[in-house]
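Start from chain S and add chains W, V and H according to the hints.
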Amino acid sequence: MSQKAKSVDSPLLTAENIKKHFPVETGIISRFLGDEEFVRAVDGVDIELREGETVGVVGESGCGKTTLGRTVARLYEPSDGSIHFDDQEITDVSGDRLKKLRKNIQVIFQDPMSSLNPRKTVGEIVAKPLEIHDLASGDEKRERVIELFEEVGLQESHLDRYPHEFSGGQRQRVGIARALAVEPKLIIADEPVSALDVSVQAQIINLMKRLQAEYGISYLFIAHDLSVVKHISDRVAVMYLGKIAEKGSTEEIFENPQHPYTRALMNSIPRVDKKRSRRDILLEGTPPSPSNPPEGCPFHSRCPEFIGDECVDREPELEQVSGDSGSEDSSHVVACHWQEKSVEERQEQDPFN
Amino acid sequence: MNLDEPVHVQYINWMTDITQGDLGTSFFSNQPVLEMIVGVIEPTLSIGTLGMLIAVSIALPAGIISALRRYQPEDYVATILAFLGLSMPEFWIGILLVLVFATTPIPIYGYTAISQGLVSWLSHIILPAIAVGVPYGAILMRMVRSSMLEVMSEDYVRTARAKGLDENLVVFKHGLQNALIPVVTVAGILFAVLLGGVVAVELVFGVSGFGRLLIGSIQRRDFPVIQGSVITISFLFVGMNLVIDFVYTLINPQIRYGGES
Amino acid sequence: MISRLINTVSRRLTGGSETHLFGIRSNLLERFSRILKRDRKAQVGLSIVAVVSLIAIFAPVIAPYDPMSQNFPVMQPPTFTGAHPLGTDSFGRDLLSRVVFGARLSLAVGLSAVAFGTLIGVPMGLYAGYYGGWVDDLLMRMVDTMWAFPALLIAILAVAIHGQSIWVPIFAIGFALIDDFARITRGEVLSIREEEYTLAAESIGMGKFKIMFEEILPNAVAPILVQYTVSTARAILTEATLSFLGIGVKITTPTWGSLLRQGRGFIQQAWWISIIPGLIIMITVLGINLFGDALRDAFDVKESGGT
Amino acid sequence: MAEPLLEVENLRTHFDTEDGRVQAVDGISFSVEHGEIFGVVGESGSGKSVTARSIMQLIESPPGVINADAIRFKGEDLLEKSPPEIREIRGGEISMIFQDPMTSLNPVMTVGEQIAEVARHHLDTSESSGFWSEMKRKYVTGASHESESWRRAIELMDMVGLPDPEQRAHEYPHQLSGGMRQRVMIAQALAGDPSLIVADEPTTALDVSVEAQILHELLELRDEFDVSVVLITHDLGVIHETCDRLAVMYAGELMEKGKTGDVFEDPKHPYTQALMKSIPQITDDREWLDVIPGSVPDLVDKPAGCPFRERCEYAFEGCTEPLVEYDVGEKHTAACHLHSDEVNKELTDRPAAPESHEGPSEQV
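Chains S, W, V and H supply the protein sequences, listed in that same order. Taking the numbering used here, the leading residue of the first sequence gets 1, the next gets one more, and so forth. Taking the numbering used here, the leading residue of the second sequence gets 1, the next gets one more, and so forth. Taking the numbering used here, the leading residue of the third sequence gets 1, the next gets one more, and so forth. Taking the numbering used here, the leading residue of the fourth sequence gets 1, the next gets one more, and so forth.
So here's chain S without its partners, still in its complex pose (with noise of 0.2 Å):
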């Protein structure tokens, strides 16, 4: 399981067998029968992240990216496993230690129209968490909202305004403004620019960057662009119908991908650079649903690179990668019988190349 040989600098965020699990909506009488059924949204995940870190999440719709981040960052209930924030637990405070916690992690929103309330202005908007963690009041409140537009490039006009009255980009501006206001050391971004114009993106990608870079803020960014993705962060972790599937430095995943999900993955990206040839079409199928998993390996059904019967029957574990960019504390993990094959067998099959 997770022996992470603990580095000196303790990581920020350790999280360890994430569970979450949702009743699927059923009658009262089956409920009270308790055959209920349950969505596994997430299960089983762990995850860690440093100071000053980013970390990508990326997978499709529905393999629990969100629900990761939203239960690291306490909007969830985990139904399993333990989380430790700033070397503490934190699995469930509630009451005031689960508010103080608020003020050190916080979450910028997929959809910056849906994010912000649209009965309030922007400025009582980013204002909120100040009087909330009571950080300012007053004038000084007033001054703080300022400072904030102005760092993530909005202007003082700007704080009476609602925010149907700006483009998309610029609420997400807000959005990240009222993240940043109580000052947090981690930031849960989750899906923050898939909503936005193609030339929007890269302002707010860059914003993060900087932010990033100044005030030493982790990350944790969930995306299904892989682009992106690869663009922000140091470490990523892909995940598939609610478990990781591989996870290491992205350096390690983009440039030496063992999963056969994500080289899939990082294969179907339409890409500007070079032309896909059309025998490439290599995930067929949707993912399956996650109160149904398949048995063993929950890829199976779709895999290109399917080994047999061990697939079908057995769960792969995370395992680290051998031979991996030679250094023996390589943080690259991989869930695949393949790790069990030598390297001349797999790559005889290879039908990436």
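Mixed in with the good hints there might be a few duds.
[What the hints assert, rightly or not] Which bits of chain W does chain H cover? Going by a derived footprint, with three or more residues having C-beta under 8 Å, they are:
(1) 79 to 92
(2) 107 to 115
(3) 240 to 254
[Unchecked claim] If you want the footprint, here are the derived chain W segments under chain V, 3+ residues with CB under 8 Å:
(4) 194 to 201
(5) 211 to 225
Think of the hints as simulated: they come from the structure by calculation, not from any bench. A quick note: this is a predicted structure, and the numbers were derived from the prediction, not measured. Each residue gets a CB set at the ideal place from its N, CA and C atoms; glycine is no exception.
Frame of chain S; chains W, V and H shown alone:
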């Protein structure tokens, strides 16, 4: 009724009786309550059913036309009429009808049973049915209109147009069923409006129906009859609810076949 | 003139950055005044509502006689001028005075009933929608049960137990409205809860209660307001029906409904006793409905057909 | 050379709204050849979807008004056709695929019937597709599952790669996954045997893996059915991988047009260049992305001249002149005054990079 027994014993006795179809005996006439209610239910159901039919047969076409010809003369006329219909109590419409039809051959008083001839039956219930049907129809018409307007701006209607279907098919084949889904739910809730209307309208037209029995027994403080009537109304409601649920599943396949495969 | 009034009011209400009117802020009010400026329906509706409200408020000043005074010739037809412009009733009371005082009581009954339904229904729906789980199940089962109790039924029971009084229609109509308000509020809360700003509020450390009243309720106000107008219109009609049936207010209390009840026996001989109050009801309810429809347009609320 | 399948000349579509006139499409011209996949790329509000709907005359009027010198399809001007003639063309000659397959399919009709219906209306089947027979089919007898149109539907579902088409045809849209719904949309678009498919963001609502499948399907079907495709998207990668030629739209106007290879290798319009540099690529190792400052301009009362000039690093006083398309290569045009004879500036001598990586803040 054994009034000297404790309340809960009385209650249990009463409930036991109900399940056996025994609603007690009237204080006033000494008749069994169930018999009294069965005796007067026919005119009430006749008026209610015909009223609903009238409402639906006005509301559907008017609502659809009003939606399709939005902001055109047809829409304005339909809208004005609907708002007028929405704004009058049923029994008052009845009073107006009584005044208007006082000198015509259409009877403005009383009821003859369906067994005594269809024409006579119909002529006696047509005016009360119009009186209860108009407000009900007005509400339904507004619902149909707004639901239709909403549906006509849906993506799948645009798809239907992009397929080259003519506008009638777009409306009636692709739009209508979708537009009716929310209307049906409301039709059930509105049953309360209809029922209250029938009771009051019976008084205006001198129909000896359920409403008259009910009001009479309240004035006479004939408690067994009041209790029996309340139970009857509740049963009517539950029955109506079931019918609505049935129609709803019929027109909405998302209820019939739940979940993604 | 009215639109100018609304403009001034809305400017006053939204001028400062900290003004709230149930959370409806500049954009909603602006939209409403914009609709009011060009929509004839809205103008007529608001004018009627304003006039009837003024009549109700100033009834003692406007009514020429005491509505209870029986000192006049019996069943005098309306002349539209002179001593009894709307005629007199079967007890020789001045119909105009009774209609004017009727406005007071009918509106009071209608508004109180709706207030009753709102004050219980909205918090129920808010709570059920936001907390979900078994609380939601329980509350919604209660609301479902209430559904089977139309105002008529409750009025029957209330009169049977309590006898006629002005509280009977208020309670009966109000009680029957609870489920409408609860359902509409809950539905609205359920969709607002899906919006990320409620999650965002939680993420900055706002408490659940605060989120419910500060983030969710203001965004649910528009459909509730629309429902409020629809229900008020419906309540006035229901009051008339109940009183007409003799299961509402006492016959001596002059509401529009009880005036109609007095006319019941004389439809053929003295039509005006039934027709005039009915006409007044129609105009009033029409005004409220038109006003409500303008609100619906302004706030872009779907027709829910609430009763 | 044969005449193009579709020729759009000076298309202008506007909407009259409460806030004023929105000039959604502002004088664009392009043509689509037989068997070609033609890409239209642009950000939200660039008018690409309105362009698609204008071709099909699927613009609600009011508030929308379509103006054009001509929209010629197989040599005939669609704007001069009567409504019944247009309906013949919709679905029969030109069909459409929409962005969101969930909302674009009728929730209360089986997917088989939705496909079969197109076949009945546009192919010579023995079945009547008149109003009353369609109504009878819908509300009384139900769709026949032995009919020619139904068989055609199943055949098409099979062709677009839907598993178990016999059984799936009886299902309702909500019972299918997003990818399968989009395949149904494609089958439906093919059912009338059209010569042109207009696909409006067909993969935007889908996951990358499904997106790849659908694009692959489109390419296969193009060959199989010999159909041309206008592919509308915001994703440059999608365009690059599927299209033969493309047009870049911005604020209702065409910025650049040319063969896919030419435009991607050597973009001639500052907007195209900036757009390409602002997207992160899986292969690039830049520390900072190049940013286009500001945001898309308001289309209400749009000023004359180049709509991109406020955000353009090459902007000069000539940019307020009305746009003209300049030839910059073989079948390659760019609407930028830098290419006019007087200026003729090479875009490669870029000015120094802006100080801030984000550029100046946007104006509201």
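Evaluated hints:
1. 79 to 92: violated (count 0)
2. 107 to 115: violated (count 0)
3. 240 to 254: As far as the region 240 to 254 of chain W goes, the hint holds, because 4 residues have Cβ atoms under 8 Å from chain H.
4. 194 to 201: Coverage by chain V holds here, the residue count being 5 at a Cβ distance below 8 Å.
5. 211 to 225: holds (count 7)
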